[in-house]
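Can you make the complete structure from the sequences, with help from the hints?
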Amino acid sequence: MSTSRHYLHEGAGDVWERFEEWLMNEYAYDPCRDLLIINGDAASWISHFAPSQRKSGGFFRSDVE
Numbered sequence: 003m004s005t006s007r008h009y010l011h012e013g014a015g016d017v018w019e020r021f022e023e024w025l026m027n028e029y030a031y032d033p034c035r036d037l038l039i040i041n042g043d044a045a046s047w048i049s050h051f052a053p054s055q056r057k058s059g060g061f062f063r064s065d066v067e
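In the working numbering, each residue's number is its place in the sequence shown (first place is 1) plus 2.
Heads up, a few of these hints could be off.
Estimated spans, in silico, between C-beta atoms of each pair [unchecked claim]:
hint: 1; residue 1: L37; residue 2: R7; range: 26 to 32 Å
hint: 2; residue 1: A14; residue 2: R35; range: 27 to 33 Å
hint: 3; residue 1: H11; residue 2: P33; range: 15 to 21 Å
hint: 4; residue 1: S6; residue 2: M26; range: 16 to 22 Å
hint: 5; residue 1: H11; residue 2: I39; range: 24 to 30 Å
hint: 6; residue 1: A14; residue 2: L37; range: 26 to 32 Å
hint: 7; residue 1: R35; residue 2: G13; range: 17 to 23 Å
hint: 8; residue 1: D16; residue 2: I39; range: 25 to 31 Å
hint: 9; residue 1: D16; residue 2: D36; range: 15 to 21 Å
Honestly, the hints are just simulated from the structure, not real lab data. For each residue, glycine too, the CB sits at the ideal point set by N, CA and C.
Below you can see the structure in the form of structure tokens.
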């Protein structure tokens, strides 16, 4: 994909909050309007999806049962 973008978390701060800010800047993501779906395995870093994103309509789905 020639237009793909990647987020790399560096430095201090919550990874999910920084990721949400990145989405807002790169894709005009609006947590009040857009549904954020995080899909992944049961790794602790991804399953601890930030409560602030869940409150604003975010959704985490695990592909591991």
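Violating hint indices (sorted, rising)
Those not satisfied are hints 1, 5, 7, 8.
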